[in-house]
Amino acid sequence: KQEVTQIPAALSVPEGENLVLNCSFTDSAIYNLQWFRQDPGKGLTSLLLIQSSQREQTSGRLNASLDKSSGRSTLYIAASQPGDSATYLCAVRDDKIIFGKGTRLHILP
Amino acid sequence: GAVVSQHPSRVICKSGTSVKIECRSLDFQATTMFWYRQFPKKSLMLMATSNEGSKATYEQGVEKDKFLINHASLTLSTLTVTSAHPEDSSFYICSARASPYEQYFGPGTRLTVT
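Here the protein sequences come in this chain order: A and B. Per the working numbering, residue 1 is the first one in the first sequence, and the count goes up by one each step. Per the working numbering, residue 1 is the first one in the second sequence, and the count goes up by one each step.
Since the hints were derived computationally from the structure, they do not count as laboratory data. The structure presented is a predicted model; accordingly, all values stated were derived computationally and were not measured. Among the hints, erroneous ones may be present.
[Said to hold, decoys possible] Pairs of lysine-lysine residues, derived as DSBU-like cross-links and limited to a Cα-Cα distance of at most 30 Å, are as follows:
1) B:Lys42 <-> A:Lys96
2) B:Lys66 <-> A:Lys68
3) A:Lys42 <-> B:Lys20
4) A:Lys42 <-> B:Lys42
5) A:Lys68 <-> B:Lys41
6) B:Lys41 <-> A:Lys101
7) B:Lys55 <-> A:Lys68
8) A:Lys42 <-> B:Lys41
9) A:Lys68 <-> B:Lys20
10) A:Lys42 <-> B:Lys64
11) A:Lys1 <-> B:Lys66
12) B:Lys42 <-> A:Lys68
13) B:Lys66 <-> A:Lys96
14) B:Lys66 <-> A:Lys101
15) A:Lys101 <-> B:Lys55
16) B:Lys14 <-> A:Lys1
17) B:Lys55 <-> A:Lys1
18) B:Lys42 <-> A:Lys101
19) B:Lys41 <-> B:Lys66
20) A:Lys68 <-> B:Lys64
Next up, chain A with everything else stripped away, as it sits in the complex:
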């Protein structure tokens, strides 16, 4: 059974710092891995989608990597801003999409 773990569960950093969020999954037979952002009380915003054949994806200040063989992904956020404060969810797709519990990120102004 696929399990997705995100570390840390919560993170507070000063504005301007670069940071890394971690995601691990137990079954490497995945189609893709996706990072989402969720603001309090809101739905999901897709940030980056990495297909199983890819190693990384970039969008603006965000970079996500995927090491399928080791069951790991990282989300790198450069030059963090207070507007980046949210919960970040990692999700893997095999025949279903399974979510991690998320990392609650707080950027201190």
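Given the coordinates of chain A, assemble chain B onto it according to the supplied hints.
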């Protein structure tokens, strides 16, 4: 990108009543849709997989008689919470699969049972 809508976005109902949530794929056909539930400050838990024209497949621990799912067309799936209780209060999110490799999420429905 593809759009998935949910209606209503927010609903308050009294304990013992039933409430229906709609999930629509607006610009694509989805043979498979998914329903997720999210408790406060928790992650999304898959409740069931809905296939057009057939019965939904429920995850372990999800009561199929309480959470009725109907996927009558390629663009619409509905989740009905029957005889709702306060513990059913949650954030419900649907997702629609546009292709084997593309899946899109709705904006969610906040259900509050009083």
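Cross-check of the supplied hints:
Distance hint between lysine 42 of chain B and lysine 96 of chain A is fulfilled; the C-alpha atoms sit about 19 Å from each other, no more than 30 Å. The straight-line distance between the Cα atoms of lysine 66 of chain B and lysine 68 of chain A is roughly 38 Å, outside the 30 Å bound, and the hint therefore fails. For a cut-off of 30 Å, the pair hint linking lysine 42 of chain A to lysine 20 of chain B stands: about 20 Å separates their Cα positions. This hinted pair checks out: lysine 42 of chain A and lysine 42 of chain B have alpha carbons roughly 13 Å apart, not beyond 30 Å.
The suggested pairing of lysine 68 of chain A with lysine 41 of chain B holds, with an alpha-carbon distance near 28 Å, which does not exceed 30 Å. Pair hint lysine 41 of chain B plus lysine 101 of chain A holds up; C-alpha atoms about 9 Å apart against a cutoff of 30 Å. Simply put, lysine 55 of chain B and lysine 68 of chain A have alpha-carbon atoms about 33 Å apart, too far for the 30 Å limit, and the pair is violated. Proposed proximity of lysine 42 of chain A and lysine 41 of chain B is supported: the alpha carbons are some 12 Å apart, at most 30 Å.
Between lysine 68 of chain A and lysine 20 of chain B the alpha-carbon distance is near 39 Å, which puts this suggested pair outside the 30 Å criterion. Pair hint lysine 42 of chain A plus lysine 64 of chain B holds up; C-alpha atoms about 26 Å apart against a cutoff of 30 Å. Restraint check: the Cα-Cα separation between lysine 1 of chain A and lysine 66 of chain B comes to about 25 Å, which is no more than 30 Å; the hinted pair holds. Simply put, lysine 42 of chain B and lysine 68 of chain A have alpha-carbon atoms about 25 Å apart, close enough for the 30 Å limit, and the pair holds.
This hinted pair checks out: lysine 66 of chain B and lysine 96 of chain A have alpha carbons roughly 22 Å apart, not beyond 30 Å. The suggested pairing of lysine 66 of chain B with lysine 101 of chain A holds, with an alpha-carbon distance near 25 Å, which does not exceed 30 Å. A distance of roughly 29 Å separates the Cα atoms of lysine 101 of chain A and lysine 55 of chain B; the hinted pair therefore holds under the 30 Å criterion. Of the supplied pair hints, the one linking lysine 14 of chain B and lysine 1 of chain A is violated, its CA atoms being roughly 37 Å apart against a limit of 30 Å.
Under the criterion of a C-alpha separation no larger than 30 Å, the hint pairing lysine 55 of chain B with lysine 1 of chain A is consistent with the structure, at around 23 Å. Proximity of lysine 42 of chain B to lysine 101 of chain A is assessed by CA-CA distance (about 6 Å); at most 30 Å being required, the pair is judged to hold. Proximity of lysine 41 of chain B to lysine 66 of chain B is assessed by CA-CA distance (about 24 Å); at most 30 Å being required, the pair is judged to hold. Under the criterion of a C-alpha separation no larger than 30 Å, the hint pairing lysine 68 of chain A with lysine 64 of chain B is inconsistent with the structure, at around 34 Å.
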